[in-house]
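Participant: Now for the letters of each chain:
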Amino acid sequence: MSSKSSNLRSILFATGLSIIVSLALTFAANQLKPLQEQNQKLDQQKNIMKVLGLYSPDEMVSAETLIKRYEQVLELYVNPNGTLSKTETELPIYILAKQNRLVAYALPISGYGLWSTLYGYFSMEADGRTVKGITFYAHGETPGLGAECDQPWFQEQFVGKKIVDRSGQFVSVGIVKGSIENVVSESEYPYYVDGISGATVTSVGIQNFIKADLLKYEPFSSRIRKRQSVWE
Amino acid sequence: MLRAIKKYKSYKVFAEPLSIQNPVSVLVLGICSALAVTIQLKPAIVMVLAMTFVLTCSNVIVSLLRNVIPSNIRIIVEMVLISALVILADQFLRAYMFDVSKQLSVFVGLIITNCIILGRAEAFALAQNPWLSFWDGIGNGLGYGMILVVVAFFRELFGAGTLLGFQVIPPSLYEMGYSNMGMMVYAPAAFILIGIFAWIQAEWREG
Numbered sequence: 009m010s011s012k013s014s015n016l017r018s019i020l021f022a023t024g025l026s027i028i029v030s031l032a033l034t035f036a037a038n039q040l041k042p043l044q045e046q047n048q049k050l051d052q053q054k055n056i057m058k059v060l061g062l063y064s065p066d067e068m069v070s071a072e073t074l075i076k077r078y079e080q081v082l083e084l085y086v087n088p089n090g091t092l093s094k095t096e097t098e099l100p101i102y103i104l105a106k107q108n109r110l111v112a113y114a115l116p117i118s119g120y121g122l123w124s125t126l127y128g129y130f131s132m133e134a135d136g137r138t139v140k141g142i143t144f145y146a147h148g149e150t151p152g153l154g155a156e157c158d159q160p161w162f163q164e165q166f167v168g169k170k171i172v173d174r175s176g177q178f179v180s181v182g183i184v185k186g187s188i189e190n191v192v193s194e195s196e197y198p199y200y201v202d203g204i205s206g207a208t209v210t211s212v213g214i215q216n217f218i219k220a221d222l223l224k225y226e227p228f229s230s231r232i233r234k235r236q237s238v239w240e
Numbered sequence: 017m018l019r020a021i022k023k024y025k026s027y028k029v030f031a032e033p034l035s036i037q038n039p040v041s042v043l044v045l046g047i048c049s050a051l052a053v054t055i056q057l058k059p060a061i062v063m064v065l066a067m068t069f070v071l072t073c074s075n076v077i078v079s080l081l082r083n084v085i086p087s088n089i090r091i092i093v094e095m096v097l098i099s100a101l102v103i104l105a106d107q108f109l110r111a112y113m114f115d116v117s118k119q120l121s122v123f124v125g126l127i128i129t130n131c132i133i134l135g136r137a138e139a140f141a142l143a144q145n146p147w148l149s150f151w152d153g154i155g156n157g158l159g160y161g162m163i164l165v166v167v168a169f170f171r172e173l174f175g176a177g178t179l180l181g182f183q184v185i186p187p188s189l190y191e192m193g194y195s196n197m198g199m200m201v202y203a204p205a206a207f208i209l210i211g212i213f214a215w216i217q218a219e220w221r222e223g
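In order, the protein sequence lines correspond to chains A and B.
Just so we're aligned, residue 9 is where the first sequence starts under the working numbering, counting upward by one.
Just so we're aligned, residue 17 is where the second sequence starts under the working numbering, counting upward by one.
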């Protein structure tokens, strides 16, 4: 076989193979898409329930139970003046209420870390000052470093922190480099958490987007703090 | 019965990677993923299944095509086949085992770079018939899996006190002052464990 015909053969073989493989993959991806989207949605709902204290990742419960349990969560939106509405605005909010009394609320957070955009939820107690929890459901940070933001030790630190200082000024929750004991004075402990060692860029990123996202929801949170009605 | 089976060449290609030709502890291939996914037993088992699936399919397909693959582009062809299979496995995991696929994250995609797979395609499937390549794939997949599962067993047991997520070390032991070995959840622990296995196996082979 001359080298010319063998080159042609290689090109034809490669082209044919690429076409067959891409067709097969497209078909598989299309067939599986509905199931994958359903999983993604359930995963987001799980994370919303997790920050609202309705679900713990250690629980072994079926998808049906979770979907049923999610019915307690009200999916609403925040108006620019801080009241809640059912019509879509740019600020979705997830409300947990019992007998029309607010118990907790969760808001979506997202922003850049080091390599990727992190997506998660941040939840607040009914007083509008105290953090109830934080969780991430998607990110592409380095395993072992930035990806430690998934770890309970990091997330549990946020519980009970305050987003407003004693004078009522919005401060958000800061993430320090290293341990808070070495960085801030004891009176500042309620507003800071330990950073992730080896992942300063991720930590700073999280700190920045938490602040930006909380600020967007400040009209709502400050209404709650002033005990004004948020229901329309 | 076993003696009769042992005569078959397919038995030999299946059994050798489980022991004297083990891809991880003897040939020291596929170490990267063996460190990354062995913190807990469940992701390790899923990883093994996904990897065995990819390896067996790629072996059989490469073997079927061994006479038509142009030799000057054979590595690219092998990589295309392997990556297509990995994407398939990844899509299936996302659809049917979402939590595990999230836990395995990038490592499913990295099966593509698992040197065992390209190694077997190059060294075995290109020269052997599909039947033998099939058994070679299963054997190497399980040989890799064996080490992963054993390493994950020890890491989860001593690192978290659980197996497959269930608490196995009784709380009373913790009250008596027992505590989990923090190092077990870090990658170096897997290095040490694999090293110990390689050592035991080498001793046993010589002895």
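Treat the hints loosely; a few may be bogus.
[What the hints assert, rightly or not] In silico lysine to aspartate or glutamate, EDC-like type, Cα no more than 16 Å apart, as pairs:
no., chain 1, residue 1, chain 2, residue 2
1, A, Lys76, A, Asp51
2, B, Lys22, B, Glu32
3, A, Lys169, A, Glu133
4, B, Lys118, A, Glu196
5, B, Lys118, A, Asp158
6, A, Lys219, A, Asp173
7, B, Lys58, A, Asp66
8, A, Lys41, B, Asp106
9, A, Lys234, A, Asp173
10, A, Lys185, A, Asp173
11, B, Lys118, A, Glu156
12, A, Lys49, B, Asp115
13, A, Lys76, A, Glu98
14, B, Lys118, A, Glu72
15, A, Lys49, A, Glu72
16, A, Lys49, A, Glu83
17, A, Lys224, A, Glu196
Simulated from the structure, these hints should not be mistaken for laboratory data.
Participant: If any of the earlier hints don't hold here, list their numbers in rising order.
Facilitator: Result: hints 4, 10, 13, 14 and 17 break, sorted rising.
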